[in-house]
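Q: The hints should help you fit chain L onto chain W, whose structure is shown.
There are 2 protein chains.
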Amino acid sequence: MAKPILYSFSHSSCTWRVRLALNYKDIAYETRVVNLSRGETRDPEFLKVNPAGHIPALVVNGKVLAQSMAILEYIEEAYPEKPLLPKDLIQRAKVREICELIVSGIQPLQHRQVAGKYSDDKQKQLEWQDFYIHRGLTALERILTDCSGKYAVGDDFTLADCCLIPQVFNAEHRFKMDMSGFPRINEINKNLSELPAFKTAHPDAQID
Amino acid sequence: MAKPILYSFSHSSCTWRVRLALNYKDIAYETRVVNLSRGETRDPEFLKVNPAGHIPALVVNGKVLAQSMAILEYIEEAYPEKPLLPKDLIQRAKVREICELIVSGIQPLQHRQVAGKYSDDKQKQLEWQDFYIHRGLTALERILTDCSGKYAVGDDFTLADCCLIPQVFNAEHRFKMDMSGFPRINEINKNLSELPAFKTAHPDAQID
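From first to last, the protein sequence lines stand for chains W and L.
Heads up: the first sequence begins at 4 in the working numbering, then just goes up one per residue.
Heads up: the second sequence begins at 4 in the working numbering, then just goes up one per residue.
Next up, chain W with everything else stripped away, as it sits in the complex:
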């Protein structure tokens, strides 16, 4: 199999999920930077790769995979070593429940374009983003209280952690939210921060 190519931007949280999975599994890949801040997802060259104009895009043997969860599930199926889903079917559903809560229930609603459509006022945008992140993390904290161990679901690193890490970063560092109401999330994020993949997938460790 040829080396996959990840079209990535350091601070794209959806791409960050994919970097975490690739790095955790020690999969060699090539990074091509698509600078979101400079609107490079609209560049004709990138649109030839992914006509939807979104990152992440993972190119595997000339085929373009899009949408972060679809890519994560592909990575898990194509590279089964160091699994990112438990064996037990109910536990697998729990991992995916957490992923979906973040991927569908938080991230699209806190997106800066959506907040920008809500209001031109920066303060109102922040309130909108804060509302949806806070609502989502409150639901997440409740779920994690039941199912987490060292990481989001038990003591093994899973796809749920790949989704959790960028969302917690957004809440804490981008939106400077008060995280004191989420002790379980904070504890898990602290445990995750000790993993090599946490460090190598971090925006600060990217080439852009």
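Derived from the structure by calculation, the hints contain no laboratory data.
There may be inaccurate statements among the hints.
All copies of an identical chain are treated as equivalent in the list; a pair is satisfied when it fits inside any one copy or across any two copies.
[Claimed, not checked] Only pairs whose alpha carbons sit at most 30 Å apart, straight line, appear in this in silico DSS-like list of lysine-lysine:
1. K90 / K153
2. K66 / K85
3. K127 / K153
4. K51 / K153
5. K90 / K179
6. K6 / K202
7. K90 / K193
8. K28 / K90
A: Chain L only, in chain W's frame:
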């Protein structure tokens, strides 16, 4: 295995996805109605089942599964007969790409609570919903032009169709959108409408 229990409401599009999968696979299940219009997801009895207060919830041997894609993937893994995902890994990623486009990229943004937070004005709410559905269906139409056959991905019914059907219904019947710009989506939806599962999972065929 005991008969699964689906907490459902006829017009909940997320629950509808799950009904389509269960019905397509001929899985016997019990329906318990949670009337969204009457706010029954906040009833203490239901909150004992799913503290997040969301439908769908699928109870399997006393375990509660939540979030529609997590439930759909569970159904596919627990009941492999009449598969809802292709065998080929790239094609599986394509099915999941379409699911995620709808589940994360359209449905949460067109949700009536989100539109209601955007504006108190009914007309402005509709414009918001129209914007996000139109944007999503435009992206979907482009993807389907490459990968669809009789159904969304090739000629087999998949999870992508389980997500497509309720979203097309919302666009066409709830929001009365002009669908003339989406010939491939319309054609696929027409083909899907001939399946028995399309009819039995439809809101009009539910007990509520």
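Q: For each hint, tell me whether it holds in the structure or not.
A: Do the hints match the structure? See the list:
{"no.": "1", "hint": "K90 / K153", "in the structure": "within (18 Å within a copy, 34 Å between copies)"}
{"no.": "2", "hint": "K66 / K85", "in the structure": "both (24 Å within a copy, 27 Å between copies)"}
{"no.": "3", "hint": "K127 / K153", "in the structure": "neither (36 Å within a copy, 45 Å between copies)"}
{"no.": "4", "hint": "K51 / K153", "in the structure": "between (42 Å within a copy, 26 Å between copies)"}
{"no.": "5", "hint": "K90 / K179", "in the structure": "neither (37 Å within a copy, 44 Å between copies)"}
{"no.": "6", "hint": "K6 / K202", "in the structure": "within (22 Å within a copy, 45 Å between copies)"}
{"no.": "7", "hint": "K90 / K193", "in the structure": "within (25 Å within a copy, 38 Å between copies)"}
{"no.": "8", "hint": "K28 / K90", "in the structure": "both (17 Å within a copy, 23 Å between copies)"}
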